[in-house]
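Listed below, chain by chain, are the residues.
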Amino acid sequence: MPGRFLDWTDPALIRRAQQGDAEAFGQLYQAYADRIYSYLAFRLAPREGGCQNPTEAEDLAAETFIRALNALDSFRWQGAPFGAWLFRIAHNVLVDYVRSQGRRETVPLEETIAVAGSTGRAAEDGLLTRACLQVATAQLTALQQQVIALRFAAGLSLAETARVMGKREGAVKDLQHKALAALRRRLARE
Amino acid sequence: MAETRDLLQECLDRLAAGETPEAVLARYPEEREELAPLIRLAVAAGRVVPQPMPEAAKARVEQQIYGAARARQARRRFRPFAWLRAGSLASFRPGSFPRFQTSRWPAWAWRLVLIILVVLVIGSNGWLATAESGPGRPLFPLRMAVNEARVLLQPGPYELIALRLAMAEDRVADVRIMKQRLQLNEAAIFLMVGETENLMMALENFPHAADRSMLERALRLIQDERLLLRELVGLAPRERPRRNALLFLELSASWEPVVRQMLNTRP
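Protein chains in written order, with the numbering used here: chain A, 1 to 190; chain B, 1001 to 1267.
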């Protein structure tokens, strides 16, 4: 149900996981794995030729959960739910990864679009390929990229996105509008 | 601007509730031209992402997570410094440690314990590096305890790997010195191999945290250690220690390929 995904986590389950219960942590993994993976897969820009290493997002998802496990004792219910805390870890894992790889060479947008055979209008009509959208998104500001990935790739609600990003809902609404408009301009220009 | 952003959010809420893009846009005829491309992009963004995670990948990652969770479960059976990590220094409130009965200890006693520990951990580099802190020496257990406290106090994976690497290098240096002094004992060799194994676990748990120079140091360490182990096989006075050294050599054979593979992914 929209708006409720991050709030479902039972505090008792977190406490059990904090006390070292591997099964409890396994349940947390099952609950969040898909969305964390989608967030990471979307944020990883494709390599040359529009291809993406399929195991990259999996490795980063694994590292997110292992970091969360190692830092579980430091998690406290102070406003932000467990899911928001987990998405912040995923974001930090991604930032560390991109830094460790150096500045990745991304394919120019016009090249990706040419390969995919779609145009700006086609993108708006729903014919957009993953590579086109990712390359275009990678050219937005860091906050705009994050809001697109959280809202549409991970499927979080506006309120949940605000919690993960530590911003007010109004600010996220504004950011979301600007991000989509910028994305449209990028794709329409080509 | 403010109005469009609110209308856009209304449209996205309706889409999330199951309405089709056309049905949603039909509600806003005047703003349709402005909203339509944004709505279509939002829908497209949701479609191009692979969700759910492929089952095989999910199972593979789950195995890794369970392995780490079980290792953590085992470590928690004995955690002399657990209260430090659980409360964390930043949120230190005397008398309010989450899993530690403090009611019989006055607040000043906790502060004193904390100060002594911090001084011990921070100020121990010099005197714990003396000859008296080597394996088999009186200060050695204290050095190991201080090292473990340092591991728990590391703020992130990069610092943890850096510390594990330095500790593994120290263990190799210890064994080298003992070998020169003809004072070798098997416990020191066990500790050396164990410390490098700890380093490997840290590298595997955080495969993207170490930078290139760190991985190159780890590679040199592994090569030195395996060379040392080969020498120890020849020096072992009896069959049992010789077999142990051979076993360590076999165990450590997997280290170098792992580090080399990580090095290959670094620019």
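No lab work stands behind these hints: they were computed from the structure. Predicted model only: the values in this text are computed from it and were never measured. Backbone N, C-alpha and C fix where the C-beta goes; we use that ideal spot for every residue, glycine too. It cannot be assumed that every hint is accurate.
[Said to hold, decoys possible] Label-pair restraints from in silico Cβ distances:
{"#": "1", "chain 1": "B", "residue 1": "L1247", "chain 2": "A", "residue 2": "Q101", "range": "31 to 41 Å"}
{"#": "2", "chain 1": "B", "residue 1": "R1212", "chain 2": "A", "residue 2": "R185", "range": "50 to 60 Å"}
{"#": "3", "chain 1": "B", "residue 1": "P1141", "chain 2": "A", "residue 2": "V98", "range": "34 to 44 Å"}
{"#": "4", "chain 1": "A", "residue 1": "Q101", "chain 2": "B", "residue 2": "P1257", "range": "45 to 55 Å"}
{"#": "5", "chain 1": "B", "residue 1": "E1033", "chain 2": "A", "residue 2": "G26", "range": "21 to 31 Å"}
{"#": "6", "chain 1": "A", "residue 1": "V98", "chain 2": "B", "residue 2": "P1155", "range": "16 to 26 Å"}
{"#": "7", "chain 1": "B", "residue 1": "E1022", "chain 2": "A", "residue 2": "G170", "range": "26 to 36 Å"}
{"#": "8", "chain 1": "A", "residue 1": "G26", "chain 2": "B", "residue 2": "S1213", "range": "50 to 60 Å"}
{"#": "9", "chain 1": "B", "residue 1": "T1020", "chain 2": "A", "residue 2": "R99", "range": "18 to 28 Å"}
A quick look at each hint next to the structure:
1. B:L1247 - A:Q101: 31 to 41 Å: Since B:L1247 and A:Q101 have Cβ atoms about 37 Å apart, the given range 31 to 41 Å holds.
2. B:R1212 - A:R185: 50 to 60 Å: Taking Cβ atoms as reference, B:R1212 and A:R185 lie about 38 Å apart, which means the hint is violated.
3. B:P1141 - A:V98: 34 to 44 Å: The hinted range 34 to 44 Å holds for B:P1141 and A:V98, with Cβ atoms some 42 Å apart.
4. A:Q101 - B:P1257: 45 to 55 Å: violated (21 Å)
5. B:E1033 - A:G26: 21 to 31 Å: Check failed, 49 Å falls outside 21 to 31 Å.
6. A:V98 - B:P1155: 16 to 26 Å: holds (20 Å)
7. B:E1022 - A:G170: 26 to 36 Å: Taking Cβ atoms as reference, B:E1022 and A:G170 lie about 28 Å apart, which means the hint holds.
8. A:G26 - B:S1213: 50 to 60 Å: violated (36 Å)
9. B:T1020 - A:R99: 18 to 28 Å: violated (42 Å)
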